[in-house]
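K.L.:
Line by line, the protein sequences are chains A and B. Start counting the first sequence at 1; every next residue gets the next number (the numbering used here). Start counting the second sequence at 374; every next residue gets the next number (the numbering used here).
Be careful, since some hints might not be right.
As a list, the in silico DSS-like pairs of lysine-lysine whose alpha-carbon atoms are at most 27 Å apart [stated by the list, open to error]:
1) B:K509 <-> A:K158
2) B:K882 <-> B:K610
3) B:K882 <-> A:K158
4) B:K405 <-> B:K457
5) B:K509 <-> B:K572
FYI, nobody ran anything at the bench for these hints, they're computed from the structure.
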Amino acid sequence: MHRSGPGALFGPRGWGAVIAALILICAVAPLLNLVVPKGSLFHLSDFSVSLIGKIMCYAIVALAMDLIWGYTGILSLGHGLFFALGGYAFGMYLMRSIGLDGVYKSPLPDFMVFLDWKAYPWYWSFTEHFLYACLLVVLVPGVLAFVFGYFAFRSRIKGVYFSIITQAMTFAFMLLFFRNDTGFGGNNGFTDFKRILDYPIFTPQMRMVLFVLSGLALVGTLLLARWIVSSKLGRVLTAIRDAESRVMFSGYDPLWYKLFIWTLSAVLCGIAGALYVPQVGIINPGEMSPANSIEIAIWVAVGGRGTLIGPIVGAFLVNGARSWFTVAFPEYWLFFLGAIFIAVTLFLPNGVVGLVAQLRAKRREKKLSAKPA
Amino acid sequence: MNLVRLIRCVLAVCALAVGLPAAALTPEQIDKLAAPGSDARAEALNSIAAAGDESAIPFLSALAEGNVQTSVSLKKVLIVIDGKGIDAVTGKPVAKLPEDLDEVVANNVFRRELAAAIATLRLTSGDRAVRLAAAKTLQDETESDRLPLVERAIAKETDADIKALLERVRANLQLNSKDKTIRLAAITSLGSSVNPGTKTILLEMLAKKGGEFVEPDADIRFAAQKSLTEVEGRLTKGERIGQVFSGVSLGSILLLAALGLAITYGLMGVINMAHGELIMIGAYTTHVVQNLVRANAPDLFNWYLLAAVPASFMVAAAVGMALERGVIRFLYGRPLETLLATWGISLILIQAVRTIFGAQNVQVENPVWMSGGVELLSNVVLPWSRIVIIGFSAAVLLLVWLALTRTRLGLFVRGVTQNRAMASCMGVHTGRIDTWCFGLGSGIAGLAGCALSQIGNVGPDLGQSYIVDSFMVVVLGGVGQLAGTVYAAMGLGIVNKFLEGISGAVVAKIAVLVFIIIFIQKRPQGMFALKGRFADA
Chain A
1 MHRSGPGALF GPRGWGAVIA ALILICAVAP LLNLVVPKGS LFHLSDFSVS
51 LIGKIMCYAI VALAMDLIWG YTGILSLGHG LFFALGGYAF GMYLMRSIGL
101 DGVYKSPLPD FMVFLDWKAY PWYWSFTEHF LYACLLVVLV PGVLAFVFGY
151 FAFRSRIKGV YFSIITQAMT FAFMLLFFRN DTGFGGNNGF TDFKRILDYP
201 IFTPQMRMVL FVLSGLALVG TLLLARWIVS SKLGRVLTAI RDAESRVMFS
251 GYDPLWYKLF IWTLSAVLCG IAGALYVPQV GIINPGEMSP ANSIEIAIWV
301 AVGGRGTLIG PIVGAFLVNG ARSWFTVAFP EYWLFFLGAI FIAVTLFLPN
351 GVVGLVAQLR AKRREKKLSA KPA
Chain B
374 MNLVRLIRCV LAVCALAVGL PAAALTPEQI DKLAAPGSDA RAEALNSIAA
424 AGDESAIPFL SALAEGNVQT SVSLKKVLIV IDGKGIDAVT GKPVAKLPED
474 LDEVVANNVF RRELAAAIAT LRLTSGDRAV RLAAAKTLQD ETESDRLPLV
524 ERAIAKETDA DIKALLERVR ANLQLNSKDK TIRLAAITSL GSSVNPGTKT
574 ILLEMLAKKG GEFVEPDADI RFAAQKSLTE VEGRLTKGER IGQVFSGVSL
624 GSILLLAALG LAITYGLMGV INMAHGELIM IGAYTTHVVQ NLVRANAPDL
674 FNWYLLAAVP ASFMVAAAVG MALERGVIRF LYGRPLETLL ATWGISLILI
724 QAVRTIFGAQ NVQVENPVWM SGGVELLSNV VLPWSRIVII GFSAAVLLLV
774 WLALTRTRLG LFVRGVTQNR AMASCMGVHT GRIDTWCFGL GSGIAGLAGC
824 ALSQIGNVGP DLGQSYIVDS FMVVVLGGVG QLAGTVYAAM GLGIVNKFLE
874 GISGAVVAKI AVLVFIIIFI QKRPQGMFAL KGRFADA
């Protein structure tokens with residue numbers, strides 16, 4: 001049953017949807033936002049652009065989480081960390097490109113001037129180069145995940161144990177980044193960015209560029225994830241999720257499979273973080289708080305884990321609800337989020353996508369049973 | 374410094390109660406003292422201190438408190454307390470306060486001098502506590518003008534502790550004497566000090582400036598070196614004791630926080646991310662009980678904890694049992710889903726507390742008998758609140774152990790943990806046992822909250838800061854083992870405090886987390902693994 005070749009990833013309807021999404025992101029959204037005049041019914045507001053742009057970054061994270069949790073059965077509570085690390089890596093470049101325009105007119109970022117530092121610490125070297133920063137975005141989360149994952153998976157830490165030590169790792173990093181002398185701006189983090197590649201950062205055009213890039217990254221991640229789960233690798237991963245011992249007895253070493261998907265997942269989070277930071281204009285250690293990482297899991301659970309469209313749907317539903325709630329009833333947002341956590345785990349084990357599939361199956365059944373009668 | 378403040382308060386109160394006696398100070402002295410920033414001011418102070426007349430104290434303490442005001446129109450110096458003025462020279466009340474009052478400002482240096490002068494004068498007080506406090510204030514004093522008074526105080530002193538303290542004060546004052554034998558004797562007697570200030574003084578004597586010793590006399594340097602070694606040894610010992618104590622204290626807090634988790638997670642295998650919020654509920658219950666007692670029976674306020682302890686247990690246990698019945702029961706055997714659902718519960722609980730009590734921290738006051746501490750050495754004070762909590766966590770541990778090993782419920786809990794199906798076959802109502810067991814674990818979390826409210830802030834986020842720590846303790850100790858939890862909590866507490874001494878709090882915390890992560894690599898089942906075969910545990 002195993003099909004190969006890129007064309008086999010989706011059926012014709014699937015490819016149609018992908019192409020439609022691409023057209024929406026690359027052509028329709030920019031047109032509606034930049035060309036259609038303000039006040040027109042079809043105008044896409046700047047607020048919506050940055051909101052959807054942000055949520056698309058979250059959706060990438062949710063997809064990455066789905067690969068490791070939905071398909072491989074490993075619940076990570078550290079994906080917020082990888083996301084933030086990617087953001088920080090790219091943030092370093094953004095801070096360097098502020099140049100002399102900071103409050104203190106110094107070549108150093110304001111927070112370093114404030115701490116009376118005279119030069120950049122060694123780990124800031126070369127971050128003024130855009131390409132090197134992009135490399136860091138991939139390498140920092142990737143290497144951390146690889147090393148951590150290697151030791152964790154090698155000693156066969158799994159299930160809740162793994163979740164808890166990833167949470168401890170995230171917590172430790174948050175504490176570290178909250179310190180001023182770590183060299184990442186303490187609890188204020190990085191902000192006041194001015195430009196990317198010499199283009200000013202807060203213009204409608206740049207916002208659109210970042211939006212399109214996030215959208216492309218999301219579609220790219222979706223294709224990559226689809227390719228992985230429909231390959232032999234994906235089958236082994238699912239097998240590990242369902243019965244790891246049997247996979248071992250069949251002669252596979254789960255270590256490298258798990259390590260690959262774990263590292264890839266972390267790298268995807270890093271990329272999402274790097275796209276996210278210029279859109280919101282700030283990155284601080286709050287992004288690393290354990291609560292954020294757990295929330296990622298709930299996006300996936302709401303949408304439906306073990307499906308690829310589910311995490312994207314979940315990320316949009318939960319974050320859309322958040323941006324509506326925090327404006328309409330700021331006090332009740334946590335009640336609502338908490339209720340989602342409970343309701344989804346109790347009543348919707350397969351998420352919204354699973355619910356839709358279930359309803360469809362029921363309707364089909366009814367039709368079938370109705371016909372003979 | 375607190376002692377100094379205490380003395381000042383005591384003095385101010387005395388002054389008010391008695392009504393100021395006619396001051397022993399001459400108008401010239403008072404004028405000099407009321408003129409800020411001049412050398413004459415310090416000189417006047419020293420001469421007053423050297424005269425040793427106790428009746429100067431009220432004015433000096435009023436000066437230190439910032440209660441002395443000058444008036445140009447009256448050409449008088451007044452002591453103004455609570456809107457009532459007293460003439461500093463005559464001691465008579467002033468009928469009406471003039472408009473042009475100007476406060477006499479005492480800067481920090483002068484304040485210190487004032488405190489020392491007051492202490493010198495208090496050395497001959499009849500009250501032992503006042504003398505002791507005064508002698509302590511003088512420990513870092515080097516002004517040799519004080520010497521005659523200190524000598525006089527030593528001659529009169531009958532209390533051995535105060536005498537020893539005063540002798541060190543004298544030694545301090547004699548260090549700059551011209552007589553070499555006096556200096557040597559002084560340095561040698563400083564060797565018995567436990568005051569960190571002494572170390573600084575001795576180090577100064579041994580310092581080099583531009584290649585030359587500050588102190589030219591080799592004998593004196595030798596004596597100073599010897600005394601320094603003694604003092605340092607004693608100080609390090611004090612620090613060690615202090616660190617071990619705060620380590621044990623942190624350990625006992627971790628133990629309390631983790632003990633409930635050791636039952637719900639360790640025995641039942643339920644990942645309860647809302648455990649921290651159950652702790653928070655315990656702390657808020659204490660807050661409510663405290664307010665109720667204060668409102669209805671203020672005389673019993675010192676004993677409100679007697680009601681708060683059972684109340685926090687009951688409330689947290691009730692919430693826990695409701696959670697078990699309502700949510701967790703449906704998720705047994707699905708640990709990751711349990712994790713997410715209980716996290717959701719924790720969010721709801723946090724927001725609920727925020728809605729009811731507000732987002733700010735609430736006040737929980739210590740009963741009087743828990744404030745203060747035991748002074749072991751002069752640089753080691755063990756606060757009562759911490760000592761009480763150590764005792765409390767030991768008691769809770771004992772009760773839990775008894776509950777699990779000596780009661781019918783404990784027997785059933787162990788039975789269900791070891792073999793649920795078999796226990797069920799023997800007629801144990803496993804579902805009900807789960808509820809009770811979860812209630813027990815939650816109740817202990819409530820007790821932890823009650824204890825934590827006595828030493829830290831009580832706010833909606835209280836639980837969040839303990840949840841990671843408590844999981845670390847349980848995971849490190851080994852699942853299903855009370856003993857492991859105890860060792861892990863104490864070990865983590867002490868290691869954490871020692872690292873804190875070396876590298877600061879945050880780095881210590883990170884180091885401990887990294888250590889745990891590495892440790893779990895080596896022993897995934899914790900320090901005390903259950904023996905047995907688990908293929909896919």
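K.L.:
Take the hints in turn and mark each one as holding or not.
P.N.:
Results of checking the hints against the structure:
In summary, the hint linking K509 of chain B to K158 of chain A is not supported, as the alpha carbons are separated by about 58 Å, beyond the 27 Å threshold. At most 27 Å may separate the alpha-carbon atoms for a hinted pair to count; K882 of chain B and K610 of chain B meet this at roughly 24 Å. Using a Cα cut-off of 27 Å, the hinted pair K882 of chain B and K158 of chain A holds, with the two alpha carbons roughly 24 Å apart. Proximity of K405 of chain B to K457 of chain B is assessed by CA-CA distance (about 23 Å); at most 27 Å being required, the pair is judged to hold.
Between K509 of chain B and K572 of chain B the alpha-carbon distance is near 16 Å, which keeps this suggested pair within the 27 Å criterion.
Comparing the model with each numbered hint stated earlier shows that hint 1 is the single one that does not hold.
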